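Chemist: Here is how the chains run, residue by residue.
Protein chains: 2
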Amino acid sequence: MWHIYQFPLCPFSRKVRLLMAEKGIAYELQSARPWEGEDRFFAMNPAGCTPVIKDPDRNIVLSDSRAICEYFEETVDRNPQISGTAQQRAEIRRLVAMFDENFFRDVSGPLLHERMKKRLVLRQSPDAKALREAMKLAHDYLDYVDWLIDNRPWLAGSTMSLADLTAAAQISVADYLGGIDWTTHEQARAWYLVMKSRPSFQPLLSERMEVIQPPSHYAEVDA
Amino acid sequence: MWHIYQFPLCPFSRKVRLLMAEKGIAYELQSARPWEGEDRFFAMNPAGCTPVIKDPDRNIVLSDSRAICEYFEETVDRNPQISGTAQQRAEIRRLVAMFDENFFRDVSGPLLHERMKKRLVLRQSPDAKALREAMKLAHDYLDYVDWLIDNRPWLAGSTMSLADLTAAAQISVADYLGGIDWTTHEQARAWYLVMKSRPSFQPLLSERMEVIQPPSHYAEVDA
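For the protein sequence lines, the chains are C and F, in the order given.
The first sequence maps to residues 47 to 269 in this note's numbering.
The second sequence maps to residues 47 to 269 in this note's numbering.
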């Protein structure tokens with residue numbers, strides 16, 4: 047069985063877990079804290095970030111969340127998440143990159159730094175200005191999701207794809223950390239409730255990151 | 047014919063241009079300066095970064111350099127750059143991510159900020175400490191390239207791949223900006239000279255970014 051080295055609020059690990067669950071691939075969680083700089087973890091992934099997945103029976107170790115998703119897409123036919131024409135697949139990958147790079151840089155990354163790393167590692171108070179800026183930028187991304195959902199059933203087109211899993215994974219971390227204000231985002235909220243209701247999402251919603259508590263609406267699938 | 051919206055020192059555009067040249071796909075360059083925030087450019091790519099490619103005849107617009115590379119890999123059979131078993135393809139994609147994300151974050155991104163953006167846009171002097179830090183970290187990546195080339199003919203395995211094109215694209219930008227000290231990196235240097243000698247690389251080496259001049263060794267393929 048695959049082992050996933052991750053921590054509960056890693057948005058990239060969440061994406062991989064959603065994809066594996068949608069495709070019916072079993073896994074076991076292993077705790078990793080890349081910020082502690084453990085040699086054993088860096089030996090598995092010199093890039094130093096989660097997730098890393100390992101199949102101990104076959105001695106396969108893979109890292110980089112997009113490389114991992116492409117690997118499962120190529121090796122497990124069930125429930126494809128990067129499908130359609132080459133142009134449709136490029137659209138899926140464009141949105142994956144937008145949420146993994148831009149949304150993470152602007153929203154989930156700063157929230158993780160201010161509300162998780164400063165609390166658990168640096169023992170500092172969060173910077174109110176940085177939090178406000180992340181929450182303000184979150185609105186721009188939710189506006190874009192609103193617009194996409196006005197024009198398409200799912201983020202990248204007519205079927206659910208890795209774009210939806212990636213966006214939901216990133217947004218779920220921001221939502222856990224109190225960074226998402228859902229008022230004025232009807233379409234994005236409706237889309238996210240559908241994502242949250244999927245069986246693949248349930249294990250993520252029930253996990254907690256140590257002393258950090260999510261807002262009350264975080265795990266509700268009908269609110 | 048494809049149009050590539052880019053600027054000469056964009057490492058992600060360089061990667062796409064190398065891939066297209068290796069696959070024999072014709073293109074025409076269009077100048078883009080994403081830092082100027084032009085509406086026309088953001089309309090093509092809401093993520094706001096280069097490259098964007100466009101086929102005006104078919105009205106196809108694609109962005110995100112990895113999505114673009116996967117698109118050409120899927121649509122043009124010639125000279126595949128993401129080939130092999132699923133595990134080998136995951137290794138190629140892992141190294142692509144390492145250079146596009148980590149090397150860019152630590153080396154080519156800071157060098158572009160200090161030596162290009164500060165000169166052309168912000169009209170400031172570069173920060174000597176930031177430059178020293180980027181050049182120091184460049185050694186760690188070149189050590190890793192030395193190690194890979196000690197163990198494999200090419201970065202990701204037995205054949206040239208998108209990993210080599212990506213690493214060479216990123217390193218070439220750092221080298222243009224004077225950030226690479228090749229002494230003590232015999233294997234990396236030998237590998238990079240082979241990359242520089244490829245016909246696909248020649249157009250990149252002859253281009254200049256306005257008033258910014260590269261060091262004398264930059265375009266030499268036998269030095």
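Please keep in mind that the hints were generated in silico from the structure rather than gathered at the bench.
As the structure is a prediction and not an experimental result, all values here were calculated from the model.
There could be a bad hint or two in this list.
The list treats identical chains as one, so a pair stands whether inside a single copy or across any two.
[As the list claims (entries may be wrong)] Below, in silico cross-link-like pairs of lysine-lysine (BS3-like), each with a Cα-Cα straight-line distance of 30 Å or less:
1. 163 to 175
2. 100 to 163
3. 69 to 100
4. 164 to 69
Chemist: Go through the numbered hints given earlier and state which of them the structure violates, listing their numbers in rising order.
Modeler: Hint 4 contradicted; others consistent.
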